[in-house]
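Novice: Sequence:
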Amino acid sequence: QVQLVESGGGLVQPGGSLSLSCAASGFTFRLYTMSWYRRAPGKERELVARVRNTGVGTNYADSVKGRFTISRDNAKSSVYLQMNSLKPEDTAVYFCHTFYGLGYWGQGTQVTVSS
Numbered sequence: 001q002v003q004l005v006e007s008g009g010g011l012v013q014p015g016g017s018l019s020l021s022c023a024a025s026g027f028t029f030r031l032y033t034m035s036w037y038r039r040a041p042g043k044e045r046e047l048v049a050r051v052r053n054t055g056v057g058t059n060y061a062d063s064v065k066g067r068f069t070i071s072r073d074n075a076k077s078s079v080y081l082q083m084n085s086l087k088p089e090d091t092a093v094y095f096c097h098t099f100y101g102l103g104y105w106g107q108g109t110q111v112t113v114s115s
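Numbering follows the working numbering, in which position 1 of the sequence shown is assigned residue number 1; successive positions increment by one, without gaps.
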């Protein structure tokens, strides 16, 4: 079965960095676009970043451009999100997503940016 397992969340001070990872299994990872979404308290889930199957071709939400970088390692069936210059408004649960089949979500990892 399809599994997406996120890791790397935590508490960080404003201006700090965190790196999220998502390990995928149960489908041919290298064939599918992968995305990171987030859901902040009281808000709907929003797209943060997306990377095409080859790793060439990325999209970012305007709010994270220049601060976040999405990447993938098809040999490891993993997708990553490097988050720099974090702000309190980046506080959210971050989810990994694949377009395989009807679409699958990971369980999410909490990122809290606070002093």
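Certain hints may be false.
[To be verified] Derived DSS-like pairs: lysine-lysine, alpha-carbon spacing no greater than 30 Å straight-line:
no.	residue 1	residue 2
1	LYS43	LYS65
2	LYS65	LYS87
3	LYS43	LYS87
[As the list claims (entries may be wrong)] Distance ranges between label pairs, derived from CB positions:
no.	residue 1	residue 2	range
4	THR54	SER25	15 to 25 Å
5	GLY66	ARG45	30 to 40 Å
6	SER115	GLY57	33 to 43 Å
7	ALA75	SER114	12 to 22 Å
None of these hints come from the bench; they were simulated from the model. Note that beta-carbon positions come from the ideal geometry of N, C-alpha and C, so glycine has one too.
Novice: Is it true that the C-beta distance of GLY66 to ARG45 lies inside 30 to 40 Å, as the hint says?
Specialist: Violated - the Cβ-Cβ distance for GLY66 and ARG45, about 22 Å, lies outside 30 to 40 Å.
Novice: Has the given pair, LYS43 with LYS65, been kept, meaning a C-alpha gap of at most 30 Å?
Specialist: Holds, at about 20 Å.
Novice: Sort out whether LYS87 lies within 30 Å of LYS65, counting only the CA atoms.
Specialist: 13 Å, holds
Novice: Does the hinted range 15 to 25 Å hold for THR54 and SER25 at CB?
Specialist: 20 Å, holds
Novice: For the range 12 to 22 Å, tell me whether the beta carbons of ALA75 and SER114 fit it or not.
Specialist: Given range 12 to 22 Å: violated, Cβ gap about 36 Å.
Novice: Is 33 to 43 Å respected by the C-beta to C-beta distance linking SER115 and GLY57?
Specialist: Because 36 Å falls inside the window, the suggested range holds.
Novice: With a cut-off of 30 Å on the C-alpha distance, tell me whether LYS43 and LYS87 pass.
Specialist: Between LYS43 and LYS87 the Cα gap is close to 16 Å, so the pair holds against 30 Å.
In the structure shown, a violation is registered for the earlier hints numbered 5, 7, in ascending order.
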